[in-house]
Structure formats: C-alpha cells, structure tokens
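Visitor: Residue numbers (the working numbering), protein chains in the order written: chain A, 1 to 176; chain B, 1 to 371; chain C, 1 to 163.
Some hints could be false.
[What the hints assert, rightly or not] Cβ pair distances, simulated, as ranges:
| hint | chain 1 | residue 1 | chain 2 | residue 2 | range |
| --- | --- | --- | --- | --- | --- |
| 1 | A | ASP152 | B | GLY36 | 36 to 46 Å |
| 2 | A | ASN140 | B | TYR178 | 51 to 61 Å |
| 3 | B | ASP188 | C | ASP129 | 17 to 27 Å |
| 4 | A | ASN110 | C | GLU90 | 18 to 28 Å |
| 5 | A | THR24 | C | SER64 | 56 to 66 Å |
| 6 | B | GLY287 | A | ASN140 | 49 to 59 Å |
[Said to hold, decoys possible] Below, a list of computed lysine-lysine pairs in the DSBU-like style, where the Cα atoms sit at most 30 Å apart:
| hint | chain 1 | residue 1 | chain 2 | residue 2 |
| --- | --- | --- | --- | --- |
| 7 | A | LYS97 | B | LYS295 |
| 8 | C | LYS96 | A | LYS173 |
| 9 | A | LYS137 | B | LYS137 |
| 10 | A | LYS23 | B | LYS298 |
| 11 | A | LYS69 | B | LYS298 |
| 12 | B | LYS38 | A | LYS41 |
| 13 | B | LYS85 | A | LYS99 |
| 14 | A | LYS161 | B | LYS137 |
| 15 | B | LYS38 | B | LYS137 |
| 16 | A | LYS161 | B | LYS295 |
| 17 | B | LYS227 | A | LYS2 |
Hints are computed from structural coordinates only; laboratory data are not their basis.
Beta carbons: idealized from backbone N, C-alpha and C, even for Gly.
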Amino acid sequence: MKTTEEIFNLLKEKFGESIIEFKTGVPVEDFIVVNPFEIDKVCTFLRDTDSYQFNNLMNLSGVDDANGKKITGEQGEVKLEGRTFSLFYHLESMSLKQKVTLAVRMPGENPEVSSVSEIWRSADWHEREAFDMFGIKFLNHPDLRRILMPYDWEAGYPLRKDYKNPEFYQGMKVPY
Amino acid sequence: MPVKTEEMILNMGPQHPSTHGVLRLELLLEGEIIKGVKPHIGYLHRCFEKHAEAMTYPQVIPYVDRLDYLSSMYNEFGYVTAVEKLLGIEVPQRVEYIRVIMGELQRIASHLVAIGTYGADLGAFTPFLFAFRDREKILSLFEITCGARLLYNYIWIGGLSHDLHPDFVRLAREFIPYFRPKIKEMNDLLSYNKIFVERTANVGILPPETAINFGVSGPNLRGSGLKWDLRRNDPYSVYDKFDFNIPVGEGRMGTVGDCWDRYFVRILEMEESLKIIEQALDQLPEGDVTSAIPKRVKPPIGQVYARVENPRGELGYFIISDGSVNPFRVKVRAPSFISLSVMDELCRGHMIADVIAILGSIDIVLGEIDR
Amino acid sequence: MGLLDKQFTDDNIIITKVEDVLNWARLSSLWQMGFGLACCAIEMMATSASHYDFDRFGVIPRPSPRQSDVIIISGTVTLKMAIRIKRLYEQMPDPKYVISMGSCSNCGGPYWEHGYHVLKGVDRVIPVDVYVPGCPPRPEALLEGLLKLQEKIRNESLVKKTA
Ligand code: SF4
C-alpha cells in the first residue's frame with residue numbers, strides 16, 4: 001500500500017511536468033493535481049502498472065471553485081475573471097487496497113479536459129454529468145450529451161455558482 | 001438473397017410499469033433482438049446537489065433521505081459518516097450499534113421491495129404481496145423509533161435524533177424468528193419456481209471484469225462472483241465486530257453473474273443482515289445517544305470522500321467544505337447510477353422481454369440515479 | 001347512498017336517478033393508472049399491497065392511461081417529466097380524475113426554493129381534484145384522499161356543473 005505522497009513522487013519521475021502539485025495538509029484527504037490534457041495518460045499508467053492496479057474509478061466529481069474577480073462589462077453583464085473549475089477523481093485498487101485522489105484544474109472560459117471514459121467505463125456517465133452540471137468539455141468522450149437536464153435546456157449549467165434559473169421552460173413557470 | 005430486416009427503435013417509458021419509476025429506455029431492435037439500449041434519465045432530477053449547497057450540514061439530512069427513498073436510513077448513515085470524518089469526531093458506541101441495527105433493517109426492507117417488485121415484473125404477483133407484508137413489520141419498527149415510515153431524519157451528525165423506544169429491542173428480537181421462515185417461504189414461492197428460473201437464469205450475464213470496469217458495486221457485483229463488500233473490505237462504523245458471511249453468486253441455476261444470481265444474492269443477504277442485527281442487539285451498549293451532537297457543525301476547510309455499503313452498492317459522498325456552515329459541494333456517488341449504465345452491455349443480444357428481467361435484477365432507484 | 005337504500009323491495013326493480021347510478025358505478029371502480037414518480041410512489045405501492053389493500057375500494061392499477069379513470073401523481077414532478085404527464089393525462093378517457101399525492105406534486109414540497117428543475121405543483125399543467133398533503137402521506141392519508149374523491153364524484157351532476 002502506497003501513500004499519496006509516494007505515488008506523487010513516482011508519478012513525478014515518470015511524467016515530469018504534467019504532474020503539477022501535491023496537496024497535503026488538507027484535512028482528511030491529500031490529492032495530486034494533474035495537467036488536464038495528460039490526465040488520461042496518467043490514469044492509464046495508474047491502471048495498468050502492476051504496482052498500482054487502480055482498476056476502479058469510485059467517483060468523479062466536477063466542482064466550481066467559485067473563485068475569480070467579478071467584472072462588470074459595458075452592458076452591465078457580470079463576468080468572473082480568472083475563475084476555475086476542478087475535477088476530482090477518486091481511484092481505488094480493489095486488489096491492492098489502496099486509494100488515491102487526483103484533481104485537475106481548468107480555466108473558467110473554456111474548461112476542457114481529456115476524457116477517461118476509455119479507461120474506466122464508469123467514467124462515461126460521470127463525465128456526462130459533469131458536462132451537464134458545469135459545462136466541462138471532455139475531449140474524446142464518445143457521447144457527450146446532457147444527461148440529467150432536458151436536452152433542450154438553454155439556461156446554462158445549473159451547478160455553476162453563478163447560475164440563474166430561467167423564468168419559463170416550455171411555457172411552464174419555473175420559480176415558485 | 002438474404003432477407004434484411006430493418007432496425008427499429010422502441011421507447012420504453014418514462015411511464016412503464018416495469019421501469020421502477022420514471023426511466024426511459026430507448027431500445028434499438030432487430031426484430032425481437034436487442035441491438036443496443038440507451039437509457040435516458042433525469043426525469044426525477046430534483047437538484048439535490050444544489051440544495052445541499054444552500055443548506056447547513058444538518059439540514060441536508062432530510063434531502064439525503066429522499067435520494068434513495070428505499071434505503072433512507074442508509075443514506076443518512078453514509079452522509080453522517082462523511083461529515084463526521086470531516087469534523088473528526090467520535091460518536092458513542094451505542095449510537096454506532098443503533099445505526100448498524102437500523103441500517104441492516106433497512107437493507108432487509110429494501111431487498112424485500114427489490115425482490116417483490118422483481119417478482120411482479122416477471123408476472124408473479126403473490127411474492128409482491130408477501131414481501132410488502134413483511135416490510136410493513138420493519139416499517140412499524142422504524143415508526144416506533146422515529147415516527148416516520150419512509151423518510152426518517154433519524155441519524156444525525158454525531159448521534160441520533162433520540163434514543164430507541166423502550167419496546168424496540170423486544171420487538172426487533174421478535175422480528176428475527178418471525179422473518180427467518182419467511183425467507184424460506186420466499187424461496188419456495190419464487191426463487192426455485194420453474195418459470196422464474198427459466199426467465200432469469202443465463203440472462204444478462206455480467207462478467208466480473210466488466211463489472212469492475214463499470215464500477216458496479218453491491219449485490220450486482222457480488223452476483224458476478226466477486227467477494228467485495230465494504231462492510232468487510234473497508235470497514236466503517238462497528239462492522240468489524242460482527243460475524244457474517246458475504247454471499248456471492250455461484251451460478252447455481254445457470255452462469256455466474258446472471259439475473260438469478262443477482263437476485264439470489266439479495267435473498268442470502270437478508271439472512272446475513274438478520275445475523276448482524278441479532279449480534280448487535282446482544283451487544284448493544286448503554287449510553288447517551290445525543291451527547292456527541294455538535295451544537296454548530298462547522299467543519300474545517302477540506303474535503304472528504306466517504307463510502308458505505310448501501311443495499312444497492314457503494315454509496316459515496318464527496319464533500320468539500322470551505323469552512324462555513326454550508327457545504328461547498330456535495331457529490332453523491334449513487335450505486336444505481338452506475339448500475340444502470342451497464343444496461344447496454346447486459347441487454348445486447350437478448351430479447352425484449354429479457355430487458356424487464358435484467359432491469360429488475362439490477363435493482364435501481366430513480367431518486368438516486370437522478371438525484 | 002341514493003341507490004342502495006331503495007333496496008330490492010319491488011321484486012327486481014330499482015328506482016333511482018340515472019345520475020346516482022352513473023356516479024355510483026364510477027366511484028366504485030376507479031381504475032388507477034399504475035404510475036409512480038418518486039418516494040410517494042413507494043407509499044402508493046404500500047397502499048395497494050397487502051397491508052392497506054387499495055383493491056377493496058375498487059382501485060385497480062392499470063398500466064395504460066387509456067384504461068384508467070384516475071391518475072395519482074405520486075411524487076416530484078420535474079420539468080422534464082411534466083410534459084409527459086400532461087400527455088398521459090390527455091390520453092385518459094373522460095371522465096378523468098387527478099389525485100395529487102404529497103407536497104411535491106401539491107406545491108414543490110421540499111424542493112420549492114432551489115429546485116431549478118422541479119415543477120412547483122402539478123396543477124400548473126393539469127387540473128387536480130384532490131390534494132393529499134404529507135411528505136410522504138401515510139397510506140391512510142391516501143385512502144382518505146380517495147374517499148374524498150369518491151364523495152366528489154357522488155355529488156356530480158350530468159346537467160349542472162359542480163366544480
Ligand atoms: S412529497 Fe416528499 S415523499 Fe413525496 S415525492 Fe416529494 S419529497 Fe418524496
């Protein structure tokens with residue numbers, strides 16, 4: 001069983017620049033921050049190497065970091081500059097009984113990340129959900145559609161912190 | 001010249017008596033044979049994660065109940081486990097034992113619904129009535145404990161809303177010998193029934209490697225012959241103090257990992273749950289159940305992923321705290337959400353009628369899938 | 001009950017009003033559309049199962065809207081589902097009745113404030129006859145709701161609009 005720090009050091013040796021940071025001191029969980037476009041390679045490595053065998057993706061969750069400065073534009077529209085989105089990957093090796101948490105950070109304007117749905121099929125729906133709720137785009141995802149909200153939902157991505165609910169949807173009043 | 005058949009698309013649901021709620025399946029057919037299944041979900045998307053961000057930590061508990069409404073107690077159990085880990089608090093032993101008792105009772109109740117409705121889906125209505133008769137007994141146990149039949153708000157962060165009713169232990173003890181023969185009755189009625197076996201054995205086979213790759217957990221994974229139970233493999237609460245078996249699918253009626261195996265694992269699990277309840281009732285310590293409830297839940301900045309073995313599989317909560325009284329983000333890893341995504345794999349090559357058998361065997365709850 | 005108190009006094013002849021017969025027939029066999037939405041549906045199932053036995057009021061679940069008289073909206077109606085519920089309702093033959101079961105379908109229930117995808121009350125899309133409060137309503141409450149609906153049907157008139 002390896003600790004997150006050991007895994008971080010080993011990954012750093014193997015992948016160099018694409019492993020960005022090791023976050024520790026956060027209560028309960030340490031995690032490793034990875035470059036969004038390299039996450040699929042890192043994950044493939046973690047799954048297929050004998051000493052890791054992370055064969056189970058337990059969870060994948062999108063997060064709106066709610067950072068960034070508020071900037072009011074000319075027409076009075078409010079924009080958040082410098083905001084970021086994150087994704088957290090909780091991996092587990094069922095045979096070696098070890099766990100690790102990976103994270104990626106993406107810029108708010110155009111959040112893009114490599115899909116891991118080829119590596120773990122369970123990621124397929126989780127990624128669709130993250131797309132649906134946060135608008136994070138997964139490159140190479142086989143079927144990136146909305147999953148929970150209606151396909152014709154136009155009001156944006158509901159779990160973003162600056163989400164505004166529409167007044168009407170197909171003639172039905174939405175607010176109370 | 002070979003005869004060519006055209007492919008056809010058939011919509012099943014969202015209003016269909018056997019989809020266990022509001023699920024729509026888009027079946028791609030060639031004649032009677034399934035070429036592909038596309039589940040469309042979200043008809044019950046109740047915005048749980050948004051609500052959680054607007055509520056304080058204790059206020060989230062009633063919403064957690066409503067995720068998987070067949071196993072509310074266990075959802076609360078999972079949620080408080082996560083928050084307590086984040087807060088770093090220890091709860092009294094009595095609380096842990098009561099939680100386990102409630103959780104296992106809930107597991108039996110939930111499996112009874114799964115089994116009963118599965119029978120009803122496949123055309124046997126009597127098991128449904130039998131299962132609900134026994135489930136009422138468990139619900140009445142819950143009712144004397146906390147007053148509610150379905151959604152309890154009983155397990156609180158750091159404790160319980162109140163102690164057991166003085167009669168509870170006696171009634172729960174009476175329930176065990178009452179229920180044991182009922183499992184056998186259900187076996188005679190449904191499990192070994194020829195028609196039932198014909199419809200479920202060798203249908204919807206899920207090989208263990210596929211199951212792991214899809215992240216399938218709980219009875220569905222164990223049905224594929226893998227001994228994996230979080231109560232044993234990643235123990236939480238006081239589960240390491242009990243002696244129980246982990247039943248797995250053995251392919252007794254067909255191939256390992258078919259619908260019958262998944263179904264039968266649930267039957268066997270009810271027996272094991274009874275064992276756990278029995279031991280927990282024997283060991284139940286005295287104590288105050290409300291002493292460790294914090295006045296104000298304000299976890300430090302940080303994050304946690306905690307998981308428990310819900311009746312449907314691995315229920316995980318990923319909670320990020322920003323140091324305020326509201327959670328910053330709560331993501332639920334819902335076991336049925338994952339189980340449903342494997343439908344396509346299971347159904348391909350089978351007949352339309354088998355879709356019902358497969359869907360029933362993976363035991364989904366839409367409230368949890370759509371959240 | 002206008003019909004039965006005139007009993008079988010004159011051999012095989014019963015004298016009563018057409019309205020009474022029609023209403024009596026309607027209210028005693030309300031076929032329900034077997035259709036569950038959310039948590040309340042579990043209580044609805046429990047109501048029709050062994051312990052509470054909906055059948056004794058003539059309520060039999062039918063899988064198709066075209067064969068049913070009453071639809072019980074049992075649970076949270078989301079925007080995605082509301083369109084389908086409207087269509088299901090429209091497919092039911094007249095006379096048709098709606099029981100709204102649980103706070104969610106009455107008014108949005110616990111999801112009234114932040115539920116961006118929840119319809120705040122099913123009466124925004126279809127007319128409702130009886131509201132059953134509760135989250136979830138106990139089976140007894142649903143039975144009471146059904147009795148209220150029967151009462152309503154009993155007082156219906158062919159010529160006069162009652163509602
Ligand atoms: S009213 Fe309550 S029990 Fe009924 S569907 Fe809504 S949340 Fe569930």
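Visitor: Could you tell me which of the hints above the structure violates, numbers in ascending order?
Guide: Of the numbered hints, 1, 3, 4, 7, 9, 14 and 15 do not hold.
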